Structures are given as C-alpha cells and as structure tokens.
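Visitor: First residue of the sequence shown: 2, per this note's numbering; consecutive thereafter.
Treat the hints with care, as some may be off.
Here are the simulated DSSO-like pairs of lysine-lysine, each with C-alpha atoms no more than 30 Å apart in a straight line [what the hints assert, rightly or not]:
#	residue 1	residue 2
1	K296	K362
2	K266	K281
3	K281	K305
4	K325	K167
5	K305	K266
6	K325	K296
7	K61	K316
8	K167	K133
9	K325	K272
10	K305	K61
11	K362	K417
12	K167	K228
13	K316	K305
14	K61	K167
For each label pair, taking beta carbons as the anchor points, the in silico distance ranges come out as [claimed, not checked]:
#	residue 1	residue 2	range
15	P359	Q170	38 to 46 Å
16	D206	V135	52 to 60 Å
17	P359	A205	43 to 51 Å
18	A414	A101	36 to 44 Å
For the record, the hints were derived by calculation from the structure and aren't laboratory data. Only a predicted model underlies this, so the values are computations on that prediction, with no experimental measurement involved. Positions of the beta carbon are idealized from the N, C-alpha and C atoms, including for glycine.
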Amino acid sequence: MSRKIVALLWIPLVIGGCQTYGLVHAPGGNKKAAETPIIEGSFADDLAFLQAHTPVVVIKDRSGQGQVAVLPNMQGRVMTSTASGAEGLSFGWVNRELMASGQFVEHMNAFGGEDRFWLGPEGGQFSIFFAKGVPFDLEHWFTPAAIDTEPWELTNRGAHAVMLQKTMQLTNYSGTVFNVRVHREVRVLNRDDALRTLGLSAAADVNLVAFESNNRLVNTGSQTWTKETGLLSIWILGMFTPSPETTIVIPYQVGPEGELGPVVKDDYFGKVPEDRLVIKEGVLFFRGDGQYRSKIGLSPRRAKSVAGSYDAAHKVLTIVQYNKPEGVVDYVNSAWALQQEPYRGDVVNSYNDGPASPGAKPMGPFYELETSSPAAALRLGEGILHTHRTFHFAGTEAQLDPIARVVLGTSLAEIKAALP
2 MSRKIVALLW
12 IPLVIGGCQT
22 YGLVHAPGGN
32 KKAAETPIIE
42 GSFADDLAFL
52 QAHTPVVVIK
62 DRSGQGQVAV
72 LPNMQGRVMT
82 STASGAEGLS
92 FGWVNRELMA
102 SGQFVEHMNA
112 FGGEDRFWLG
122 PEGGQFSIFF
132 AKGVPFDLEH
142 WFTPAAIDTE
152 PWELTNRGAH
162 AVMLQKTMQL
172 TNYSGTVFNV
182 RVHREVRVLN
192 RDDALRTLGL
202 SAAADVNLVA
212 FESNNRLVNT
222 GSQTWTKETG
232 LLSIWILGMF
242 TPSPETTIVI
252 PYQVGPEGEL
262 GPVVKDDYFG
272 KVPEDRLVIK
282 EGVLFFRGDG
292 QYRSKIGLSP
302 RRAKSVAGSY
312 DAAHKVLTIV
322 QYNKPEGVVD
332 YVNSAWALQQ
342 EPYRGDVVNS
352 YNDGPASPGA
362 KPMGPFYELE
372 TSSPAAALRL
382 GEGILHTHRT
392 FHFAGTEAQL
402 DPIARVVLGT
412 SLAEIKAALP
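Please take these sequences and the hints and turn them into a complete structure.
Guide: Structure below.
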C-alpha cells in the first residue's frame with residue numbers, strides 16, 4: 002500500500018460527544034506553515050475523502066489510538082478503522098471511484114466497509130435479491146435499497162458507540178412480505194475488554210483496534226415468519242484491502258464428513274484452485290490477494306466462532322469473532338438456484354475479489370470476511386441478535402505469532418507457508 006504524503010490539515014472537531022473531521026485553512030495566508038502532512042493509505046487520508054462525500058462519525062477507544070469511522074447515511078457501516086491514531090494505517094477498503102461519482106449503480110453499490118449490514122438469503126426460493134419467477138442470474142439480481150443505498154436513522158451517539166435503526170419492507174422470491182425493523186449499535190472495545198474477549202494477552206506495544214456491531218432484527222408485521230414461506234437472517238460482511246501476501250485463515254471443527262458434512266463449500270464461482278485454498282487438520286487457508294474471484298463457506302457444523310487473515314506485507318493480523326448459538330443448524334442458503342435444502346446454508350464465508358471474466362475490471366479489489374445469524378423464525382415483536390466483532394493487531398511477527406496461535410490455532414510461519 003502506498004504511503005505518499007498529501008499536504009492537507011484535517012483537525013478533529015467534537016460534535017455531540019463524537020469526533021468528526023473538517024478541513025481547516027491556515028490563518029494569515031501562511032498556508033505552508035500550518036499544513037500537516039497526511040499519509041496516503043492512512044486513516045486520516047480516508048477520513049478526508051469520506052468527509053467530502055458523506056457524514057462521518059468517528060468513535061474511539063479510551064486510548065484515542067483505536068479509531069472507527071461510521072457512516073450513518075450508508076446503512077451505518079463501519080467504513081474503516083485504525084489501531085494507531087489518525088496517521089495509522091487504514092484497514093477498511095473504500096471504493097473511492099464509486100463514492101466520488103455521486104451515482105448509484107444498478108445491482109449493488111460496493112462502497113466498501115469493514116462491517117456492513119445485509120440480510121439473507123441472497124438466492125433460492127426465499128431470496129430477497131430476486132423477484133418472483135425471474136432467472137437466478139446477474140441481470141435479475143438486485144440488492145434491496147434499504148441495505149444498499151438508503152440512509153439509516155442515527156438514534157444515539159457517544160464517544161465510544163453509536164446506535165442506528167431502519168424500518169423496511171421486503172418481499173422474497175416466493176412472494177412473502179416481511180415488515181422489519183433493524184436496530185444496530187457499533188461500539189469500540191477498549192484494549193482490556195478486547196483481549197479478554199479473545200482469551201489472550203498481548204505485548205503492550207502491539208497496536209490494536211477492536212469494535213463490534215450488535216445487530217437486532219425485529220418482526221414488525223402481523224404474521225409469524227415460518228420456514229415454509231421463508232426466513233431472513235442477519236448477514237455482516239467486512240471488506241478489507243488486499244495485498245499479494247494476505248492469507249485468510251479459518252479454523253474448523255474436525256470430524257468425519259458423514260457426521261459433519263464437507264469441510265468447506267468451494268464452488269460458488271467454480272471450484273477454487275488448489276494453489277488458492279489449502280485444507281489442513283483443523284484450519285484452512287484461502288488466498289486474499291484480490292486477484293482471483295472466488296468464495297468459500299463453512300456450515301454451522303464445521304465453523305467455529307472465529308476467522309481471520311494475516312497480511313504479511315503490512316504485519317497486520319485481523320480477527321473476526323461472532324456469536325454462534327450452540328446446536329443451531331438452520332442457516333439460510335444463498336445459492337443462486339431453487340434449493341432442496343433452503344436452510345443448510347453457511348455461517349462463515351470469505352470472498353476474494355477479482356475479474357468476473359478474463360480482462361474484466363474487478364469490483365474492488367478487496368477480500369471479505371462474513372458471518373451470519375441463524376434463520377430467524379420470529380413471531381410478531383420478536384427479534385434475533387447477531388454480534389460481529391473485528392480486531393486488528395499490528396506489530397512485529399514475534400508479537401503477532403502468539404495471538405495467531407491462541408485465536409486461530411496456527412502460527413504465522415504456517416500461515417505464510419500454506420500458500421507459497
């Protein structure tokens with residue numbers, strides 16, 4: 002990632018207990034004396050760009066070094082974060098070209114973001130992305146506006162957390178109408194809480210930012226949601242900037258296929274080549290370089306409550322953790338086809354971007370770490386909660402290796418060697 006200097010001064014302004022950023026010019030005409038350099042690829046650089054196009058709320062941990070940018074008008078997504086203050090590396094992928102255009106595209110607006118809210122299923126007879134009776138192809142695939150382009154209401158904000166909500170109506174492929182309200186809280190975790198949540202300790206000089214989104218889906222309609230007419234699920238997707246040395250790491254439950262099913266679904270866009278997906282005992286490795294369009298998924302019988310990635314180029318270890326209810330196996334199936342088993346879907350997914358066809362322009366490039374809630378069979382007024390946490394550790398390999406061993410069950414050396 003380039004780290005070029007951009008000569009602008011962006012200073013923090015406190016509004017309503019949260020920090021936002023504004024451009025300030027030097028007094029007295031001596032602009033050069035007041036300019037503070039901004040490093041390209043830094044959190045400050047991304048904030049400067051974002052603030053020019055949409056309202057941004059910045060929340061921080063107690064140290065002030067862990068910072069998170071939340072965009073209320075873009076479905077309350079966490080667009081990016083940093084572990085080491087404004088001049089630190091920005092971790093989220095930002096689609097600058099699309100945002101700067103000021104235009105929406107037809108099927109999906111891939112603006113980016115480390116934690117964005119979606120709903121499933123994407124495909125099948127209960128899909129909310131395809132209208133009734135149309136073919137399951139890209140021409141007929143449309144992301145619902147409420148989770149793609151419409152702003153959400155910011156209901157509360159403080160120094161460390163924001164709360165948002167959205168009311169929406171959705172119709173699935175089978176014609177079932179869902180009246181829905183979503184409550185979403187984005188919260189920065191302080192260092193001690195973050196480490197305790199992962200069951201580890203880290204050296205004092207390891208930079209860390211951790212945040213969680215608590216997402217509650219409520220049935221506000223007059224009918225109970227049933228498996229026969231279709232269920233929804235909460236789907237959180239994190240889009241990250243790739244590098245040639247990024248490897249996605251997903252631990253899994255070991256056991257016979259006859260009991261637990263296949264370790265991984267690896268044929269979403271054609272089978273993933275062997276040099277891009279390696280399965281070892283208890284952990285799999287998937288290339289996250291943003292150069293080859295591919296996707297994998299793990300079922301609730303195989304998935305654990307954690308996944309991650311390691312960017313060896315920038316020495317960044319990323320961990321995603323989520324709440325996985327014990328013994329629950331009904332997850333919506335998002336395959337683009339009429340399905341024999343619409344509730345045998347994935348709970349953890351990872352996507353690596355790349356050209357959809359030879360010579361085509363990639364959507365990003367980026368890579369994704371995704372988690373889903375169980376299928377939500379809700380009566381009127383009932384809700385389901387899905388918590389998705391993101392942790393970024395930046396430091397030396399000697400500092401990061403013990404964290405990878407404890408949380409992901411593998412060493413940095415094994416991660417780097419898995420996909421040479």
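Visitor: Honestly, which of those hints from before does the structure not fit?
Guide: none
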